[in-house]
Amino acid sequence: MQSYLEISKVGIEFNTESGNFRALQNVNLKVEKGEFISLIGHSGCGKSTVLNILAGLYQATEGGVILDGKEVNAPSPDRAVVFQNHALLPWLTVYENVELGVKQVFKGLKSKTEMADWIHHNLDLVHITHAMHKRPHEISGGMKQRVGIARCLAMQPKVLLMDEPFGALDALTRAHLQDSVMEIHARLGTTVVMITHDVDEAVLLSDRIVMMSNGPAATIGEILPVTLPRPRDRLALAEDSDFVHARQQVLQFLYDKHKFPGAKAA
Amino acid sequence: MHSIISRYAFIKREQAWRFEWSDIPGGMAIAKALRAWSLAAAGILVFLLLWQATANNINTSLGQFPGPVQVWTQIQNLTDEYGREQERRTDFYARQEVRNVQLLAQDPNADVRVRPYTGRPTFIDQIQTSLMTVAFGFFIAMLIAIPLGILCGLSESLYNAVNPIIQLFKPVSPLAWLPLVTMVVSALYVSESPMFEKSFITSAITVALCCLWPTVINTTVGVASVDKDLINVSRVICLPTHMHIRKIVLPSAIPLIFTGMRLSLATGWMVLIAAEMLAQNPGLGKFIWDEFQNGSSDSLGRIMVAVLVIGFIGLILDKLMLTLQRRVSWDKQTVLR
Ligand SMILES: Nc1ncnc2c1ncn2[C@@H]1O[C@H](COP(=O)(O)OP(=O)(O)O)[C@@H](O)[C@H]1O
Ligand SMILES: [Mg+2]
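In the order they appear, the protein sequences are chains A and B. All residue numbers in the first sequence are consecutive under our numbering, ending with 266. All residue numbers in the second sequence are consecutive under our numbering, ending with 337.
Do not take every clue at face value.
Pairwise CB distance ranges, derived in the manner of DEER restraints [what the hints assert, rightly or not]:
id : chain 1 : residue 1 : chain 2 : residue 2 : range
1  : A       : H130      : B       : A29       : 55 to 61 angstroms
2  : B       : M243      : A       : Q59       : 41 to 47 angstroms
3  : A       : H130      : B       : W330      : 20 to 26 angstroms
4  : B       : S329      : A       : S43       : 33 to 39 angstroms
5  : B       : W330      : A       : H197      : 19 to 25 angstroms
6  : B       : L320      : A       : G167      : 56 to 62 angstroms
7  : B       : L320      : A       : H137      : 24 to 30 angstroms
8  : A       : E183      : B       : A33       : 38 to 44 angstroms
9  : A       : S43       : B       : F19       : 20 to 26 angstroms
10 : A       : H130      : B       : R18       : 57 to 63 angstroms
11 : B       : S329      : A       : G64       : 42 to 48 angstroms
Calculated directly from the structure, the hints in this document are not laboratory data. From the three backbone atoms N, C-alpha and C, an ideal C-beta is built for every residue, glycine too.
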């Protein structure tokens with residue numbers, strides 16, 4: 001049986017000035033509809049490259065991606081991306097940033113008022129309605145990331161792709177956003193692939209954690225299912241033995257089996 | 001001991017009464033502006049003094065080099081000349097009007113005509129001509145340069161194809177173009193009642209040829225250096241090309257496009273004066289050349305007036321572009337210089 005999202009035998013080689021560089025080799029992953037997947041691995045191992053191939057922003061050298069029965073070979077609003085540094089258009093307000101995608105996706109499908117309602121609904125979902133007429137430089141980093149998420153959700157993607165969405169935020173803001181993402185995932189049942197370098201975040205949010213080996217020619221090392229019941233509460237989980245065990249396994253993978261290549265010399 | 005304390009108290013009281021700019025709302029900004037203005041005024045004053053002192057010591061075959069005083073006299077002369085010329089012009093038309101009315105009174109079918117006034121163009125007329133020419137030339141140049149720059153910035157292949165040509169023509173002096181442009185315009189621009197004079201077209205095209213390049217180059221760089229994340233956003237949303245240019249490319253390239261346009265306009269204004277001088281096309285350049293050939297004792301003073309006016313107009317043009325940039329730019333925060 002075919003899964004909702006299938007990555008099969010994906011490899012990619014970059015043409016760099018110092019010759020060809022093989023970043024990924026034989027990456028295989030099956031994701032079911034509504035699943036929350038985290039990609040974790042050391043910096044530079046190729047997580048973003050996997051995400052970019054999923055988004056259609058990069059073309060795999062070999063292998064391919066199939067989403068909902070169709071091959072992925074170009075970017076599309078079906079696979080919306082939340083970028084690490086928000087990537088909001090600084091000359092548009094929060095509302096207009098979300099509107100840009102909505103107008104494109106629902107052209108001819110929704111009327112003007114329906115679109116406006118839909119934009120408001122999505123701003124509401126990430127709790128940012130109060131700032132909708134502000135420009136990106138007038139709001140905090142956490143709020144910008146919320147807008148980035150709203151922009152993606154408003155395009156009703158089949159998969160939501162997030163590249164270290166909370167990497168640049170302070171711990172408190174990050175916790176708030178994680179809660180928001182869990183709430184949205186529970187409400188909408190969106191399929192999510194998220195890159196993170198934060199072990200706690202991966203365990204808290206995911207159904208499965210995909211751990212990547214170090215590059216070059218990186219691939220998927222292990223996949224850890226997280227069976228903790230939802231809704232999950234970070235305070236209660238802190239002492240939960242399943243949570244601690246899952247966390248332990250990820251740490252072991254990262255710091256024992258696949259040490260950061262730079263750490264060996266030190 | 002007592003006296004020290006009382007003196008201290010006195011100083012305290014004096015400080016309490018002293019005016020501080022920071023005490024009034026917006027005071028700091030006012031104080032800063034006042035300071036800038038007074039420094040500018042001091043700079044101009046020193047310059048005028050140095051100028052007068054130097055001018056007194058330079059003697060040419062056309063008399064002493066003009067100082068600020070002579071220049072001021074010539075400014076008055078030139079505006080007076082303009083006033084007299086305007087009077088003559090209204091008189092001329094009034095006389096024709098009277099004559100025509102008389103002719104019609106004698107014979108209702110008389111063939112009456114109004115002949116246009118052909119007086120000598122004054123300094124003010126020459127300024128107007130130069131401004132019109134530079135505006136027209138600049139406009140044509142921008143019509144070509146901005147779209148070309150956008151295309152070159154979007155497509156690396158096109159850039160690689162066009163770049164050698166840009167690099168080749170960029171350093172060419174306007175004076176080298178002028179003979180070619182003059183001949184081409186005389187050959188191709190033939191019409192019974194031309195909307196523009198040939199000389200006007202020649203000057204404007206020469207200006208356009210020289211002020212294309214800064215805008216093409218800066219627009220290309222601006223468009224090519226749009227943030228990669230924003231381009232990825234546009235690709236994910238699948239924005240069509242025209243929307244991509246309007247919503248993503250243009251807003252991020254606006255600052256560099258304007259940098260290019262300001263350089264272009266400054267170049268165009270410089271080129272125009274040289275072109276008018278060489279081609280004897282009407283304008284400020286011709287005014288200077290005519291005065292030089294005229295060689296009266298006033299000539300140098302009048303030329304100096306033209307020099308100052310050229311500088312002043314250049315400055316105003318740049319300020320106009322800055323104002324336009326402020327209005328168009330989305331980022332009102334940046335300090336524009
Ligand atoms: N466009 C590219 N051209 C050349 N090399 C690239 C490109 N994108 C990524 N790489 C290389 O591929 C490897 C993986 O990068 P990336 O996917 O960004 O890692 P990370 O896991 O930190 O997100 C790195 O060594 C990087 O230098
Ligand atoms: Mg990355």
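Checklist entry - Which numbered hints turn out to be false for this structure? => result Per hint list: 1, 2, 5, 6, 8, 9 and 10 violated.
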